[in-house]
Amino acid sequence: MTTKIAVVLLLIASILFAGCLSKDNIPSASSTFDIKPQDVTVKSGENAQVMVRVTNNGNSVIHPFVRFNLNSSDKQYVKFSNESGSYDLGALRPGEDSGFKIVDFKAYLAAGKEMKYQTRAQVIYDGKVLESRDIVITVRG
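Per this note's numbering: the sequence shown = residues 130 to 270.
No wet-lab data here; the hints were simulated from the structure.
Just so you know, even glycine gets a beta-carbon here, dropped at the ideal spot from N, CA and C.
Hints are supplied without guarantee of correctness; some may be wrong.
[Stated by the list, open to error] Label-pair distances were calculated between CB atoms; the ranges are: (1) 229 / 192: 16 to 26 Å; (2) 174 / 211: 12 to 22 Å; (3) 137 / 255: 51 to 61 Å; (4) 247 / 140: 47 to 57 Å.
[As the list claims (entries may be wrong)] Dumping the calculated SDA-like pairs for lysine to any residue here, alpha-carbon to alpha-carbon at most 25 Å: (5) 208 / 187; (6) 208 / 168; (7) 230 / 178; (8) 235 / 215; (9) 208 / 169; (10) 165 / 175; (11) 230 / 217.
Using the sequences and the hints given, assemble the complete structure.
This is how it looks when you write it as structure tokens:
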């Protein structure tokens, strides 16, 4: 009886650690993220654009999207063309580039003659942030 239990425990342990001992690692998702320009100046109430591009540097297919995060108090003054602020870039094979996608937004002056809004753009795949970049949006009256 104890030999059967020992064999079962040995099999369970070998199954649990089989992934750690294999020579072929599971490739992690990897990307390169470009935003042009990273400093945008716009007049209050006018449209502006930034271009985003993601390159898949990993060994597997990814389906990333780009999300723009603003402070909650700034969301009423900077409106992206997509209400959620998330943009789908489609499925990218290893080595494939999404090409530059244009993201439109409209910004308004909250007070004064000039206002700067900090925005963080993040590449997200499978619930994880792969890369992020900061954008400064300057609005003038």
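So, going through the hints one by one against the coordinates:
1. 229 / 192: 16 to 26 Å: holds, 18 Å
2. 174 / 211: 12 to 22 Å: Given a distance of about 19 Å, which is inside 12 to 22 Å, the answer is holds.
3. 137 / 255: 51 to 61 Å: violated, 34 Å
4. 247 / 140: 47 to 57 Å: Given range 47 to 57 Å: holds, Cβ gap about 54 Å.
5. 208 / 187: Cα-Cα ~33 Å, so violated.
6. 208 / 168: Measuring from Cα to Cα gives roughly 17 Å; hence the hint holds.
7. 230 / 178: Holds, at about 10 Å.
8. 235 / 215: holds, 15 Å
9. 208 / 169: Distance of about 14 Å is within 25 Å: holds.
10. 165 / 175: Answer holds: residue 165 to residue 175 is near 18 Å, not above 25 Å.
11. 230 / 217: Judged against 25 Å, a Cα distance of about 10 Å means the pair holds.
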